[in-house]
Amino acid sequence: MTDAPMNGQPGEVRRGLSRTDTMETVRKGLRRRYAAERRFKWYGRIAIAIALGFLVVLVGSILFRGASVITQTHILLSVELPMDAFSVDGEVTDESLQRADFGGIVKQALRDRFPDVSKRRDRRTLYQLISTGATYELRDHVVADPSLIGQTIDIWLTASDDIDMLDKGYIDRNVDSTGRRVSDQQIAWYDALIADGRLERHFNTTFFTSGDSREPEQAGIWGAALGSFYTLMVTLLLAFPLGVTTAVYLEEFAPKNKWTDLIEVNINNLAAVPSIIFGLLGLAVFLNVIGLPRSAPLAGGVVLALMTLPTIIIAGRAALKAVPPSIREAALGVGASRLQTVTHHVLPLAMPGMLTGSIIGMAQALGETAPLLMIGMVAFIVDLPGGPLDPATVLPVQVYIWADSPERAFVERTSAGIIVLLLFLVVMNLSAVMLRKRFERRW
Amino acid sequence: MVMADTLPDEKTPRTAIVADGVNVHYGTKQALFDVDLDIKQHQVTALIGPSGCGKSTFLRCINRMNDVIDGCSVEGRILLDGDDIYDRSVDVVQLRARIGMVFQKPNPFPKSIFDNVAYGPRIHGIAEKKADLEEIVHDSLVRAGLWGEVSDRLNEPGTGLSGGQQQRLCIARAIAVRPDVILMDEPCSALDPIATARIEELIDDLRENYTIVIVTHSMQQAARVSQRTAFFHLGNLVEFGSTDAIFTAPKDPRTESYITGRIG
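Which chain is which? The protein sequence lines are G and A, in order. Those letters in the first sequence? Residues 1 to 443, by the numbering used here. Those letters in the second sequence? Residues 1 to 264, by the numbering used here.
These are calculated hints, taken from the structure and not from any lab test. Fair warning: there could be bad hints in the mix.
What the hints assert, rightly or not - Derived BS3-like pairs: lysine-lysine, alpha-carbon spacing no greater than 30 Å straight-line:
hint, chain 1, residue 1, chain 2, residue 2
1, A, Lys111, G, Lys437
2, A, Lys105, G, Lys258
3, A, Lys40, G, Lys321
4, G, Lys28, G, Lys41
5, G, Lys321, G, Lys256
6, G, Lys256, A, Lys40
7, G, Lys168, G, Lys321
8, A, Lys40, G, Lys258
9, A, Lys105, G, Lys256
10, A, Lys40, G, Lys119
11, G, Lys258, G, Lys168
12, A, Lys40, A, Lys111
13, G, Lys107, G, Lys119
14, G, Lys437, A, Lys105
Unchecked claim - Which stretches of chain G does chain A cover? Using the computed rule of at least three CB atoms under 8 Å from a CB of chain A, they are:
hint, region
15, 336-342
16, 390-397
As the structure is a computational prediction, the values presented were derived from the model and not from experiment. Where a beta carbon is used, it is the ideal one built from N, C-alpha and C, also for glycine.
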């Protein structure tokens, strides 16, 4: 910095700023610089607030709609179990029990409760108070304890979805009866049951223990959850070891030449391929050529593993790159072979990063429906899958199917399905975080 | 080039390493030009020179650390006790067990102090029994002058030590494999003067049992610790001789310029 001449001639060209001038300029600039910084901080805060707001609205509305699925309306019926309905020639056998007309018995119980219903059409409306699944509930109850036969028992049976919706307040009584799902007569019966204390809401075990159904009150999320679990297991078991080995080979062993460059470019491109393409590949190769079972988590898992591989490989390579070269030199310097260097030192240090990458890939796979469409996992499947070879569907597909169903009771099930999907994700992420902590604590 | 055989005050020690016409290329760029050098047993040989002169490259040729660098090719011969280390029959893992290395930045493994020192003996299967391993770790730490400071916390992470202690831990790790030669690549450049002084003393003690080659940027350090010094410039070995001779009566004008601080 040049000091301005103190005794300079008037009109002399100043060659530089004086010290005070410089400080003044800096001071003015400072105010501007700090203002910019403050503004930037506020932009950031506003952005976060907006994002959080959206999240709260989203999760809040899902929770609000889905929470009511926790309970399900049940009706207490006095069911008469006459001996002759269950026995053949006066003897109750397993076979005779299976053949018994439990549906008729439930209907009879309803008629007994409301004896003044006589017209055929009215009776049919009466039967609609109870879920069609009530027949099986009664059967299971009697099969479990045949000594009940011959008595009259009080049993809580699942109400139909319309009564459930009415009880949860989703159906407006004030609307004209042609515009709502329950008739005036049904409302009257419902009120009578309430007055008797014969209509209550119980914990909805069905939703958490069974597979899909066309009847909302019998539909459950457990089948899809199992399907997702098996599918992701297959994906993890395939994609993680393959991805990690590929990343290690490409990063630590492969020579850097045109071929490895080509492979790298292709892996990066694969990560951007629309997921339905992987589904087409799965259909063409895994189902048609190799002959994996259709709709099975095994086939779905393999397809999703292919989709997840690029993510795991890219994250794995980044994690390996982040390990300081000095660690490799240290190991090589004491005479470790390259494989020992990698397995003893580099891989443990890169593992947390690799796990993060894998969990991102798995989360992506968990939410995927498009590739599963092609291999038949976007399907209506009632039975719970017993293993990765049984037909199954997955959580996002289940949500999609329910969202597409017209019954009002599926609305809360759709939201509840989303909640279960999110919980699944949270559990997965938590376990990954815990695994990562364990790896990190070893040092 | 001055032949080192004319050293006045040394009782003609045995030659441990001979470099014979070593040329190194990184891709198309040549890093070393025809380097001939002989390194005597139980002496400290210092390699000095300005940045990028090839001294570290030469050091890394001695235990073939350059093998891992893509596009690096080494021509010429380097003989360790008469055998060419670049011969096909030589196993690089075995070679590195004979020629230990200490790096510029202390790089202990992110493991316990014990495991750091025990790693080499473990992978080479030197110590079968636990007691043997403990003895090796103990001896190595004693020789590296670190035992007194860490004996009560062998299970704590090596990365928790101070910089100077970490570097001595790295020396202990190198010693534990029982090498003949220890290569040191600017081992004190990341350390404060006190830690540097300790390492220099240690180098002097180690000379009794090991042949040491040290790359250093500090001419004072070269003068303090080494018996013989080699001056590299732009990939050429300019001058090589006893440290006293190099620092008091350099023959080449480039050497003189460097040690008087005009180049580099």
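Among all the numbered hints in the text so far, which are the ones the structure does not match? 2, 3, 6, 7, 8, 10, 11, 12 and 16
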